[in-house]
Every structure is written in structure tokens, then in C-alpha cells.
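Required output: the full structure, derived from the provided sequences and hints.
There are 2 protein chains.
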Amino acid sequence: MESPSLPVTAKDWTSTGLHRVLCMQGGEGDVSYVNNSDCQALAITLCKPILISSLQSIKLFTSPIIRIADLGCATGSNTFDTVDTVVETLRQLFTAVYGGGSLEFEAFFCDLPSNDFNMLFRLLSEKQKVDSAKYFANGVAGSFCDRLFPRGTIHVAVSLSALHWLSQIPEKVLEKGSRTWNKGKTWIEGAKKEVVDAYAEQSDKDLSDFLKCRKEEMVEGGVLFVLMGGRPSGSSSQFGDQDTRVKHPFTTTMEQAWQDLIDEGLIDEETRDGFNIPAYMRSPEEVAAGIDRIGGFKIEKMEYMKIVEYSDEKHEEWKKDPVSYGRARTNLVQAAIRPMVEVYLGVDLCDELFKRYENRVSTTREFLHITCFFGVVAFSAIRIE
Amino acid sequence: MESPSLPVTAKDWTSTGLHRVLCMQGGEGDVSYVNNSDCQALAITLCKPILISSLQSIKLFTSPIIRIADLGCATGSNTFDTVDTVVETLRQLFTAVYGGGSLEFEAFFCDLPSNDFNMLFRLLSEKQKVDSAKYFANGVAGSFCDRLFPRGTIHVAVSLSALHWLSQIPEKVLEKGSRTWNKGKTWIEGAKKEVVDAYAEQSDKDLSDFLKCRKEEMVEGGVLFVLMGGRPSGSSSQFGDQDTRVKHPFTTTMEQAWQDLIDEGLIDEETRDGFNIPAYMRSPEEVAAGIDRIGGFKIEKMEYMKIVEYSDEKHEEWKKDPVSYGRARTNLVQAAIRPMVEVYLGVDLCDELFKRYENRVSTTREFLHITCFFGVVAFSAIRIE
Numbered sequence: 223m224e225s226p227s228l229p230v231t232a233k234d235w236t237s238t239g240l241h242r243v244l245c246m247q248g249g250e251g252d253v254s255y256v257n258n259s260d261c262q263a264l265a266i267t268l269c270k271p272i273l274i275s276s277l278q279s280i281k282l283f284t285s286p287i288i289r290i291a292d293l294g295c296a297t298g299s300n301t302f303d304t305v306d307t308v309v310e311t312l313r314q315l316f317t318a319v320y321g322g323g324s325l326e327f328e329a330f331f332c333d334l335p336s337n338d339f340n341m342l343f344r345l346l347s348e349k350q351k352v353d354s355a356k357y358f359a360n361g362v363a364g365s366f367c368d369r370l371f372p373r374g375t376i377h378v379a380v381s382l383s384a385l386h387w388l389s390q391i392p393e394k395v396l397e398k399g400s401r402t403w404n405k406g407k408t409w410i411e412g413a414k415k416e417v418v419d420a421y422a423e424q425s426d427k428d429l430s431d432f433l434k435c436r437k438e439e440m441v442e443g444g445v446l447f448v449l450m451g452g453r454p455s456g457s458s459s460q461f462g463d464q465d466t467r468v469k470h471p472f473t474t475t476m477e478q479a480w481q482d483l484i485d486e487g488l489i490d491e492e493t494r495d496g497f498n499i500p501a502y503m504r505s506p507e508e509v510a511a512g513i514d515r516i517g518g519f520k521i522e523k524m525e526y527m528k529i530v531e532y533s534d535e536k537h538e539e540w541k542k543d544p545v546s547y548g549r550a551r552t553n554l555v556q557a558a559i560r561p562m563v564e565v566y567l568g569v570d571l572c573d574e575l576f577k578r579y580e581n582r583v584s585t586t587r588e589f590l591h592i593t594c595f596f597g598v599v600a601f602s603a604i605r606i607e
Numbered sequence: 223m224e225s226p227s228l229p230v231t232a233k234d235w236t237s238t239g240l241h242r243v244l245c246m247q248g249g250e251g252d253v254s255y256v257n258n259s260d261c262q263a264l265a266i267t268l269c270k271p272i273l274i275s276s277l278q279s280i281k282l283f284t285s286p287i288i289r290i291a292d293l294g295c296a297t298g299s300n301t302f303d304t305v306d307t308v309v310e311t312l313r314q315l316f317t318a319v320y321g322g323g324s325l326e327f328e329a330f331f332c333d334l335p336s337n338d339f340n341m342l343f344r345l346l347s348e349k350q351k352v353d354s355a356k357y358f359a360n361g362v363a364g365s366f367c368d369r370l371f372p373r374g375t376i377h378v379a380v381s382l383s384a385l386h387w388l389s390q391i392p393e394k395v396l397e398k399g400s401r402t403w404n405k406g407k408t409w410i411e412g413a414k415k416e417v418v419d420a421y422a423e424q425s426d427k428d429l430s431d432f433l434k435c436r437k438e439e440m441v442e443g444g445v446l447f448v449l450m451g452g453r454p455s456g457s458s459s460q461f462g463d464q465d466t467r468v469k470h471p472f473t474t475t476m477e478q479a480w481q482d483l484i485d486e487g488l489i490d491e492e493t494r495d496g497f498n499i500p501a502y503m504r505s506p507e508e509v510a511a512g513i514d515r516i517g518g519f520k521i522e523k524m525e526y527m528k529i530v531e532y533s534d535e536k537h538e539e540w541k542k543d544p545v546s547y548g549r550a551r552t553n554l555v556q557a558a559i560r561p562m563v564e565v566y567l568g569v570d571l572c573d574e575l576f577k578r579y580e581n582r583v584s585t586t587r588e589f590l591h592i593t594c595f596f597g598v599v600a601f602s603a604i605r606i607e
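Taken in sequence, the protein lines are chains L and R.
Using our numbering, the first residue of the first sequence is number 223, and each one after it goes up by one.
Using our numbering, the first residue of the second sequence is number 223, and each one after it goes up by one.
Each hint should be verified, as a subset may be incorrect.
[Unchecked claim] Label pairs and their calculated CB-CB ranges:
hint: 1; chain 1: R; residue 1: R373; chain 2: L; residue 2: I521; range: 31 to 37 Å
hint: 2; chain 1: R; residue 1: A263; chain 2: L; residue 2: G412; range: 53 to 59 Å
hint: 3; chain 1: L; residue 1: E416; chain 2: R; residue 2: D573; range: 53 to 59 Å
hint: 4; chain 1: R; residue 1: D303; chain 2: L; residue 2: S459; range: 48 to 54 Å
hint: 5; chain 1: L; residue 1: G374; chain 2: R; residue 2: T267; range: 33 to 39 Å
hint: 6; chain 1: L; residue 1: K351; chain 2: R; residue 2: S459; range: 34 to 40 Å
hint: 7; chain 1: L; residue 1: K351; chain 2: R; residue 2: D573; range: 30 to 36 Å
hint: 8; chain 1: R; residue 1: R401; chain 2: L; residue 2: S546; range: 58 to 64 Å
hint: 9; chain 1: L; residue 1: S458; chain 2: R; residue 2: G323; range: 46 to 52 Å
hint: 10; chain 1: R; residue 1: K281; chain 2: L; residue 2: E525; range: 46 to 52 Å
Derived by calculation from the structure, the hints in this document are not laboratory data.
A virtual CB, placed ideally from N, CA and C, is assigned to each residue, including glycine.
In C-alpha cells form, the structure reads like this:
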């Protein structure tokens, strides 16, 4: 069988292209981000003390309006809670110092234009029906590598589980036949050093762009809190342990599923090699170096943390029901990358890929006996002059 | 044939219900608002001098950030241009007085949570690719009868072709068997005085709520510019002339199409009587009285204007091709009310209704020889203490 023509060529995976397709899966179906982000939720809960402690040491603002930016909000399910925490913490602080008064909050939920903002606003209006509006809410469609707000107008900026997504695949990784062409792979774990280096370079550029923009947008004394996928200090792998390296949703099973499509003649090797997952797990050192490079921020606290993929109870449940496990795992990975794969392969081949993915997960029984961890780097920093 | 059960009962048409379903048709298909809003565009163009003249008499702000609110933006196609006008006019003014400087603009595009914000953001990002961003754009999901912004933070508020939509059908119009039950009708043109009065009361309440909120949100010296469907002074009809009364998309043909469904046994009379189009055409006097009632605004200029439904060329074209005319007319009315009808009748009956509507338009040849006008009331006002 001949490979059908593909809707997007590898060369289209440049900045503009990715900008249009990088988004968490919208809606609220089985593969939606809203139903596949428990791990992110857990990470956020664990890191919340870092945020709260920074907020409590905040220099109190003279402005009667506090502006909060949420950068990379997806459909909001994981971020509303964090924005609530910011609002409540600051309100208590103001009440303690000024005895209350007329403080008002504006919250800005930002993500790429491809994000499902209709879903975000629907969830938001349901939420605000229950606990009467604590803040005036806004949606902002744009990249957090660009300026999103006027100068000096943001008091608190948070970015949760978003900054490990790169703004583009490095162009040289898309040069067929070059030393940086990611032959035989769809991601960087276990890839050639040249490819990993190209990703690291892009990661540095994105982090710099992100910080430069926030530096302009934030008021002096404002708090920046970021939580992103990350790797431990000193690890040249994207992960800190061997089991995770093998079991992570972007590694072994993903590669097998693409190889299945090739072996069945549904796509050629070049098509697989031209697809790259635009994610990079920074080490705490890389993050600190970025902050140092741009200046204007003082790090209050930085931590690397490992989040276990699921609870022990869930683990026991899955062992008895590998088919459900396969489905859950496939939903999880689709929530993160399906919109990209769908644009790259088209709907039909995309469905085929994830069918093979699900089949591989359900039948790889050894994965049920090892544990995968999601690493995160979290930090809070104060905007200084 | 028995009437199928309907997804929404008349009693559900209260404030909350309508809030969820009142929206212009999203997307960009044949029946979308984006492809059926030429008349609105023409009205806006004709009224623009009123806006510009108010902006030019504006008291210059000391703030380096100007905030513009667009209230009832739909998918934006008709409002981007107006926001551009505001930005350019104010920038020129500032340059003339201060020799330029670091002025920045924030624009807030507001509509109900049921609005298609994904489409809005897509159009916005396409636009900003062409003419590099003139302002930082935000989407706000909420009713303009509620507070949408912190106190004293909006410099210019515009509302284009939106305020004639009521926030709800007056509850007493939904009381079956009462004197205010709108028997035999789906709108108020030609309805009993009691029904029209109930609508007028709701219209006054909505206008008051709108103005109260803007009064709190706007800075002193700020400009409020509103353009809405309206009727001429002294008219007890919703329209100023007999031809429009007969030919307007909400009157004769709409009533015939609903009657067709009844005659064919697809719905019963009560179902028709329980559906009401939530639109009210205010007279300039009613608008002025509302502004006077709430206070805090000084009217700069107010005008009633008649917009012809289409050009003479188009008129000649339609005469030769009544089938295309029927389709165009049906798309137009669907862009405005299909989302509501669909929730009320369900998709299938909704399709049936608009099929009959299209058929009625295509075969009512006398309509091709008379002209319908859309009346608008436009005003600009300055926020005073």
C-alpha cells in the first residue's frame, strides 16, 4: 500500500505552523485535556506552598486593582484553582494590613489561538455561578513567548505545566539528511546528541523570550510562579530514572506505534522522522541560568519534584485490567499531542497511530510492574529593578 | 402526527436559559454571523463620524494605557474596524499633544459565554498577522448587563448592534393563558399592547443595568458609543414604515413559517406561542430617558438612522433570482436567531422551520418589489461626575 499524501510536510513544522496546532485537546471527551490532567493537578497541589510563601512575602501594592496572568491555561481546569489561591491569599493579606477595602482582581487566562477558549469560558461561567465571581476574567489568545500585556501592569504571573512545550521544532531538526535530522525517532529521549543540543538551544531561546516579556509586563515586586516538566540536576536524559525512560508515554510505546505504521506500509520512514514532539524537560540549572541571563528577577525558591504517574490503588486496578489501562494511557497521550499528530498525519492515520499505541500499551504487561514518574521544576521569583 | 417532545419548555426561557443560547451563529458557514452582517457593517460605517467626533473632544488621559471595551462583539468581524478607529484616533490625538510617547492600548472583546470566542480569536490572530498588533486583545465572556471590569478602568466603551437584544423574555410573557401570553405570535410587532409593554419594561431594565455597570467601570471623561436596532420617535410600531413592518425578517414570513409547522402537525400552537424573539427596537426618547434615569453620562449626540436592506444593484439581481434571494434571506435570519430556535425546537424541527421560511421568502414575489429598512439609534456620551 502506498503512503497516502500527508496534509502537512515536515518543513511546515516551523514556528508559525506549530503555533497553530500546539494545544491541549479541547472539549470534554475521553481524550480531552480536561479529563486527562490529574498528574498536572497533583504537581500543582504539591508546589502550591512555594507560590503561597512568595505571595506572603509580596510587597503590598498601592494599586486598588491586582492583575493576575495565567500563561498556558489550556481549558482552565487545572488553573482556576491556582488563580483562586492567588486571589484569596492576597485578599487576606490586604485585609490584615488595610482592614479590607475595595480591592478588585482581574485574571487573564492566556494560551495559543488554537486553544479551546469556548470550553474555557464555559467552565469559567459554570464555576462563577457556584462561587460568585472573585475576579473579572479575560481570555488572551497569543504565545507567551510574545508580549501579551502593556508594560508594568501584571502583579502575579503563573505558568503551570506549559513551559516545557517549545514554541517550534528547531529548524535544523527538520533538515532532511543533516546531522540534526532525528532519524528513527519522534522525540529526543535517546536521540543523537546533535538533536538534543538543538532542542536545548530552542529551549533556552524560548525561556529567554518568556522571561524578557514577563520582565516588561510585570510590576516591580510582582511574583512569577512557574511549574514545568523538568529533569533532575545533572541528568543528560530527559528523565531521572531508567524505568521512566522506558515507560514514559513519549518514549518506547510511541516509537513502537510509529514503527507499526511503517511496517504496515501506512507511512514511510521519512514521515515518521519528520514528526517531532516539541517538548523539552529543563534541569533546574538550565532554568536558573535563563533567569540569570535575562535579569530583573530574584529567585525565591526553586525545586525539582517527581510526581508518580498514579496511586498504588490505581496501580493494582490496572494490573487486573490491562485493556482499560491501555485506553487510559492512550487518552492521556492524546490529550497532549493529538491535535499536532492530527494536523501532521490527517485524521485517519492519526486514529491508526493511536490504535496501535493503545494495543501496544495493553499488551506490554511488564509496564504494569514498573513505575513512571513525571519530573517537574517549579520556581517562584520576584520582579526586581 | 403528534408533536415530538421539545427539548426546552417555554418556562425555561427565563434569564438563565436565554443567557446560554442568545448568541449570533458562530463559525463561518453560510448561516454564520460573520457572513451575514453586511447591514450591521453599513450602519457602523454611517455612524462612525459620531464616534470620531466624541473621541476628538475627549479629555486627554494621564494614564499611559488606554482600555477599550467592545460590548457584544459576536465573532468580531464588524467590530475590529471600530476598535481600530478608536486606537488610531486616540493615538493621533496623543501624538499631536504629547509628540507621541509610550501609549499602549488594551482592547476587551465581550460577549455572552455562548458566543464563538474560538472564531473571534482566530479572526483576531489572522488580522494581527497582517497589521502588526495595535493593541493587546482580550476576550471577556459575560453579559453586558453585569459588571465586566474593575471600577474606573475603561476609557472607551462601544456597543455595536447588540443592545436591542434583551437579556430575557419578560417572565409574564411566558405565563400561559395570562393577558401577556403572546398568543399567535413569535415577536411583538403587531402583538397585544400588554405584550409590547412587557417588552418595553424589560428593555428599560436592561438599558438601566447596562448603563449602571458602565457608569461604574468607566473613567471620568471616557466615551461611550452605542449603536443598536431602534425605531423612529413617536412610532408605536417597532418600525417606521408599513413596508418594513410587512417585510422585516421577524414579521410576516417568520409567522407564516411557524404557522406552516402547526398546519402540518409538526408542533402545536402552544409551542409557537411560547417562542418569542428577544429583541426590542428602542426609540431615541426611550434611550435618552434611560441615560437620564441612571445619570453619570452627558449625551454628545444621538441619531436615528434608516439603513436600506440592500443596494439597488442587489435588488435588481434578487428580482431575477428569487430562489437565491430566499436562501440569502434565510441565512440572514438564521445568523441572528438560529442558536435560540435550535435549543427551543431541537435541530430537526429547527431545520424544518427554516426550510419553510426559505420557501415562503422565495415564493412571496411581492416582497421583491418593496423595500425593508433596518432602523438604528446611535449615540455617544461622555462619562461625567
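Status of the hints after comparison with the structure:
1. R373/R <-> I521/L: 31 to 37 Å: holds (35 Å)
2. A263/R <-> G412/L: 53 to 59 Å: holds (56 Å)
3. E416/L <-> D573/R: 53 to 59 Å: holds (58 Å)
4. D303/R <-> S459/L: 48 to 54 Å: holds (53 Å)
5. G374/L <-> T267/R: 33 to 39 Å: Since the Cβ atoms of G374/L and T267/R sit about 37 Å apart, the hinted range of 33 to 39 Å holds.
6. K351/L <-> S459/R: 34 to 40 Å: holds (38 Å)
7. K351/L <-> D573/R: 30 to 36 Å: The hint (30 to 36 Å, Cβ to Cβ) holds, given that K351/L and D573/R are roughly 31 Å apart.
8. R401/R <-> S546/L: 58 to 64 Å: At roughly 60 Å between Cβ atoms, S546/L and R401/R fall inside 58 to 64 Å, so the hint holds.
9. S458/L <-> G323/R: 46 to 52 Å: At 50 Å between Cβs, range holds.
10. K281/R <-> E525/L: 46 to 52 Å: holds (50 Å)
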